[in-house]
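Participant: Listed here are the chains, written in short residue letters.
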Amino acid sequence: MFDALEQDAVTELLNVAVSRSAAALSRMVGKPVAMSVPNVRILSRAEALNAIGGNRNTPLIAVGEQFSGPFSGRALLVFPEARSLHLVQAIVGDQLTLEEIADLEEDAMTEVGNVILNNCLSGIANMLGCRIEATLPHCFQGGVEQIFKRTIRGDDDGVILFMSIDFSIRDRDIGGFIILLLDLNAMSNLRSAIARYVDGVRRSLTDRESP
Amino acid sequence: MSDPAAGSAAVPLVIPSVLDELDMGVVIVDDARRIVVWNTWMVRHSGISRRTAIGAELSALLPAMAGGRVELAVRDALDTGLPAVISHHVNHDLFPLLRGDGMTDERVAQSIVVRPTRTGRGVGCLIQIYDQTAAVERERKLRAQRSARYHAIVDAARDCFVTVDEDGAIWSMNPATEERFGCSAAAMRGQPIARLLPQLQDLPLLGEPLVPVRAVGAGGKAFDAEISMGSWMNNGVRHFTLFIRDVTERNLAAENLRRTERIQALGELTGGVAHEFNNLLMVIRANAEMVLAHAGGEAAAHAAEIVQAVDRGRNLTDGLLSFARRQPLNPVRVPLDAAVEDIQRLAAPLLGVAVEIAAPPILAGAAVMADRTQLQNALLNLLINARDAMPDGGRITITAGPGPEPGQCHIAVADTGTGMSPAILEKACEPFFTTKDQGKGTGLGLSMVAGFARQSGGDFLLASRPGAGTTATIRLRGTSGDGPPGAAADADGAGKEDGPPPVLPPLRLLVTEDDPQVRAGVLAMLAQGGHRTAAAADGPDALDLMADEDFDLLVTDIMLPRGMNGVALACEARRMFPRLAVVLMSGYHGFDPALLEAVGPAAILRKPFTRTDLERAMAAALRQRPRSPA
Ligand SMILES: Nc1ncnc2c1ncn2[C@@H]1O[C@H](COP(=O)(O)OP(=O)(O)OP(=O)(O)O)[C@@H](O)[C@H]1O
Ligand SMILES: [Mg+2]
Numbered sequence: 290m291f292d293a294l295e296q297d298a299v300t301e302l303l304n305v306a307v308s309r310s311a312a313a314l315s316r317m318v319g320k321p322v323a324m325s326v327p328n329v330r331i332l333s334r335a336e337a338l339n340a341i342g343g344n345r346n347t348p349l350i351a352v353g354e355q356f357s358g359p360f361s362g363r364a365l366l367v368f369p370e371a372r373s374l375h376l377v378q379a380i381v382g383d384q385l386t387l388e389e390i391a392d393l394e395e396d397a398m399t400e401v402g403n404v405i406l407n408n409c410l411s412g413i414a415n416m417l418g419c420r421i422e423a424t425l426p427h428c429f430q431g432g433v434e435q436i437f438k439r440t441i442r443g444d445d446d447g448v449i450l451f452m453s454i455d456f457s458i459r460d461r462d463i464g465g466f467i468i469l470l471l472d473l474n475a476m477s478n479l480r481s482a483i484a485r486y487v488d489g490v491r492r493s494l495t496d497r498e499s500p
Numbered sequence: 073m074s075d076p077a078a079g080s081a082a083v084p085l086v087i088p089s090v091l092d093e094l095d096m097g098v099v100i101v102d103d104a105r106r107i108v109v110w111n112t113w114m115v116r117h118s119g120i121s122r123r124t125a126i127g128a129e130l131s132a133l134l135p136a137m138a139g140g141r142v143e144l145a146v147r148d149a150l151d152t153g154l155p156a157v158i159s160h161h162v163n164h165d166l167f168p169l170l171r172g173d174g175m176t177d178e179r180v181a182q183s184i185v186v187r188p189t190r191t192g193r194g195v196g197c198l199i200q201i202y203d204q205t206a207a208v209e210r211e212r213k214l215r216a217q218r219s220a221r222y223h224a225i226v227d228a229a230r231d232c233f234v235t236v237d238e239d240g241a242i243w244s245m246n247p248a249t250e251e252r253f254g255c256s257a258a259a260m261r262g263q264p265i266a267r268l269l270p271q272l273q274d275l276p277l278l279g280e281p282l283v284p285v286r287a288v289g290a291g292g293k294a295f296d297a298e299i300s301m302g303s304w305m306n307n308g309v310r311h312f313t314l315f316i317r318d319v320t321e322r323n324l325a326a327e328n329l330r331r332t333e334r335i336q337a338l339g340e341l342t343g344g345v346a347h348e349f350n351n352l353l354m355v356i357r358a359n360a361e362m363v364l365a366h367a368g369g370e371a372a373a374h375a376a377e378i379v380q381a382v383d384r385g386r387n388l389t390d391g392l393l394s395f396a397r398r399q400p401l402n403p404v405r406v407p408l409d410a411a412v413e414d415i416q417r418l419a420a421p422l423l424g425v426a427v428e429i430a431a432p433p434i435l436a437g438a439a440v441m442a443d444r445t446q447l448q449n450a451l452l453n454l455l456i457n458a459r460d461a462m463p464d465g466g467r468i469t470i471t472a473g474p475g476p477e478p479g480q481c482h483i484a485v486a487d488t489g490t491g492m493s494p495a496i497l498e499k500a501c502e503p504f505f506t507t508k509d510q511g512k513g514t515g516l517g518l519s520m521v522a523g524f525a526r527q528s529g530g531d532f533l534l535a536s537r538p539g540a541g542t543t544a545t546i547r548l549r550g551t552s553g554d555g556p557p558g559a560a561a562d563a564d565g566a567g568k569e570d571g572p573p574p575v576l577p578p579l580r581l582l583v584t585e586d587d588p589q590v591r592a593g594v595l596a597m598l599a600q601g602g603h604r605t606a607a608a609a610d611g612p613d614a615l616d617l618m619a620d621e622d623f624d625l626l627v628t629d630i631m632l633p634r635g636m637n638g639v640a641l642a643c644e645a646r647r648m649f650p651r652l653a654v655v656l657m658s659g660y661h662g663f664d665p666a667l668l669e670a671v672g673p674a675a676i677l678r679k680p681f682t683r684t685d686l687e688r689a690m691a692a693a694l695r696q697r698p699r700s701p702a
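Here the protein sequences line up with chains A and B, keeping their order. Taken in order, the first sequence gives residues 290 to 500; the numbers are from the working numbering. Taken in order, the second sequence gives residues 73 to 702; the numbers are from the working numbering.
If you are wondering where the hints come from, they were derived from the structure by calculation, not from laboratory data. Glycine included, C-beta positions come from ideal geometry on N, C-alpha and C. Do not rely on the hints blindly, as some may be mistaken.
As the list claims (entries may be wrong) - One-sided and incomplete, this derived list gives chain A residues near chain B with beta-carbon spacing under 8 Å:
(1) Ala313
(2) His375
(3) Gly382
(4) Thr386
(5) Leu387
(6) Asp392
(7) Asp396
(8) Asn403
(9) Asn407
(10) Leu410
(11) Ala414
(12) Ala423
(13) Arg461
Start from the sequences and build out the full structure, keeping to the hints where you can.
Facilitator: Set out below in structure tokens:
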């Protein structure tokens with residue numbers, strides 16, 4: 290779907306976007322947050338299900354947004370529930386008990402998901418040079434199948450951009466996944482935007498080689 | 073539409089009036105980030121008038137919020153069209169709003185939605201502020217209620233409670249845990265439970281109802297722990313509460329109990345065997361003595377050998393019985409100074425020249441209640457052990473005196489010998505345990521000493537380290553009574569062991585003994601004294617005989633069949649013949665003094681015995697028998 294250079298370009302783009310999320314998160318937490326997006330893959334729904342992996346019953350927490358405009362689709366941030374409690378704990382601090390953290394988990398995760406997803410989306414919007422409208426984030430809890438059933442239906446013909454993200458806050462490593470389900474038009478828009486971007490990169494490379 | 077203010081902000085007039093009715097904050101900024109709507113709720117809670125607010129830039133109006141989440145969200149909404157949710161749970165730099173309800177000046181806990189909107193001039197941003205204070209308060213109360221009882225128990229508990237999630241990460245621990253493991257809850261939070269309990273590395277162990285582990289607590293001190301686990305679901309994630317209990321002491325007690333039980337079982341066995349043996353020895357000895365009395369020359373010499381062998385056998389069974397705590401004891405008042413002096417004198421030839429023996433002065437008047445002979449035996453055993461532990465010589469120190477407990481006295485034998493390894497020390501008091509070469513030690517010494525001490529109502533302690541010598545301590549009941557030492561010793565004739573055999577007048581004797589060979593042996597011993605003897609195999613038979621005949625003296629075994637023991641028989645017989653003299657023969661029973669009292673004066677004769685022993689006991693019994701009432 291992407292050639293190697295395009296793949297690099299998307300990865301780089303999302304890495305830039307996500308590092309903005311990290312900056313926003315660290316402002317929120319008041320502590321440094323390191324975040325990375327190792328790679329971006331295009332997967333089928335079934336592959337994405339497997340990639341999230343683990344036990345199908347492992348409880349997960351997901352934050353989803355629907356976006357529209359020239360670039361439309363759905364964005365989903367998924368964490369194992371156990372990790373998300375650690376994440377929330379890292380954000381709100383150690384003085385709260387486990388019960389208290391569980392109580393505010395949904396609020397906090399919705400906000401964290403919102404920050405991360407918005408930065409991804411705005412990174413893409415920047416590149417496409419367009420505005421994206423999005424719904425308010427929603428929080429989902431349950432096993433991977435349950436979450437997919439409510440967010441990425443089996444009859445969706447969109448393309449899934451799948452990336453795992455890792456970040457660490459206060460020495461705690463928290464791994465999760467970002468899933469972008471792009472409508473077909475969004476995908477072709479993204480591809481041509483990437484083509485333009487890659488072109489630009491190629492041109493600057495050749496410029497430098499032949500002064 | 074004709075309102076100039078509304079016109080300049082290009083917001084339809086109707087909207088602000090509705091907005092002012094809302095129970096929430098509404099702020100709208102235009103694409104230049106200037107405030108165009110600041111509803112009445114905002115005026116009330118921020119204390120900033122609409123006049124001041126309208127037209128101002130958000131971060132200029134509220135500098136504390138500059139660069140914060142709200143400002144960034146506004147920027148995103150304007151630039152890219154993406155909405156944001158902002159929660160007071162996560163952010164600290166939200167709108168500076170006070171509740172202003174006339175009662176409190178609390179800050180408003182707020183959750184905020186920032187989303188793009190349209191103003192008359194184009195793109196704008198709508199900020200909705202929801203007051204969450206009441207909800208927060210309600211949650212807080214609920215939580216406090218929910219956890220108050222839990223924390224009341226857990227925080228005060230002396231056992232350790234730790235909460236972990238299914239990944240084994242620690243969430244919380246109670247103060248007892250911090251103290252026990254010498255760590256702080258704050259530092260351990262989020263750490264793997266294996267840091268605290270390495271055996272739980274194996275996560276499948278989580279959720280096992282009971283896991284025994286060896287734990288290392290504060291200061292590196294190891295202890296046995298038992299972890300019981302409860303699990304509960306929290307937002308779909310399983311968590312575990314570990315309840316860690318120190319069971320070191322309990323395990324130790326259980327181990328001691330097991331050992332005591334084993335020794336007791338062994339005691340039953342050896343006691344039983346020794347009893348049977350005593351009966352056999354009795355028979356052998358009685359017959360050998362008959363041969364000795366009648367035969368001469370070589371046969372007599374052989375018989376004397378047999379008698380000697382029987383005496384050695386008796387020493388052995390004595391040892392077994394005292395280990396089994398079943399030897400008949402005759403506790404008398406034994407002054408410690410005399411006892412220690414005697415034993416030094418007795419043992420001196422055994423110890424050899426290389427071994428020096430010393431005893432610091434002993435508090436005069438300190439005395440114990442104990443069987444004199446057995447105490448002497450016990451001390452002799454300890455001294456010989458000490459000697460054997462010092463093949464190249466050394467020093468033995470005997471200390472004795474009152475204490476350590478009130479009403480108690482102790483006698484300790486300390487040596488400067490090889491000492492014992494923990495493994496040997498643990499087994500030293502078990503019967504037949506010996507490290508000595510075959511034929512040199514029976515391994516009964518210490519088990520006898522310990523059995524004797526316990527049977528006398530005291531105990532026996534052994535302290536030793538390899539290379540650091542050994543101290544063996546017997547602790548016995550002390551006595552303050554200052555009656556003549558050993559006054560009661562006459563009772564069993566043992567006190568006169570060395571005197572000439574007594575001369576007995578011809579008597580009417582009744583012998584009751586269930587073992588026919590022993591019975592025959594006793595009758596044989598009595599055959600030469602010119603007595604008239606009758607014999608019975610059990611209590612009822614004996615009583616039948618007594619119904620027909622008068623007797624001066626009853627010689628009876630204590631253990632008798634048919635539901636009537638020798639003590640009961642003696643009681644019954646005394647009812648018929650109040651002046652009846654009684655000799656009780658005993659195989660092993662450590663009898664209840666209260667029972668003996670019921671009999672009244674009686675001589676006790678330990679099996680196996682010689683004819684002389686029997687005659688002495690008979691003499692003693694006759695001396696003690698009740699005076700005739702007339
Ligand atoms: N004072 C001591 N110093 C070092 N080891 C000792 C001492 N006393 C006892 N032991 C150890 O305990 C073992 C058991 O002692 P115990 O007196 O019960 O039997 P024994 O001396 O071997 O044989 P026995 O006393 O029957 O002749 C000894 O074999 C020896 O190993
Ligand atoms: Mg010994």
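Participant: Now look at each hint and say whether the structure bears it out.
Facilitator: Status of the hints after comparison with the structure:
| no. | hint | in the structure |
| --- | --- | --- |
| 1 | Ala313 | holds, 6 Å |
| 2 | His375 | holds, 7 Å |
| 3 | Gly382 | violated, 10 Å |
| 4 | Thr386 | holds, 6 Å |
| 5 | Leu387 | holds, 4 Å |
| 6 | Asp392 | holds, 6 Å |
| 7 | Asp396 | holds, 4 Å |
| 8 | Asn403 | holds, 5 Å |
| 9 | Asn407 | holds, 5 Å |
| 10 | Leu410 | holds, 6 Å |
| 11 | Ala414 | holds, 5 Å |
| 12 | Ala423 | holds, 5 Å |
| 13 | Arg461 | holds, 6 Å |
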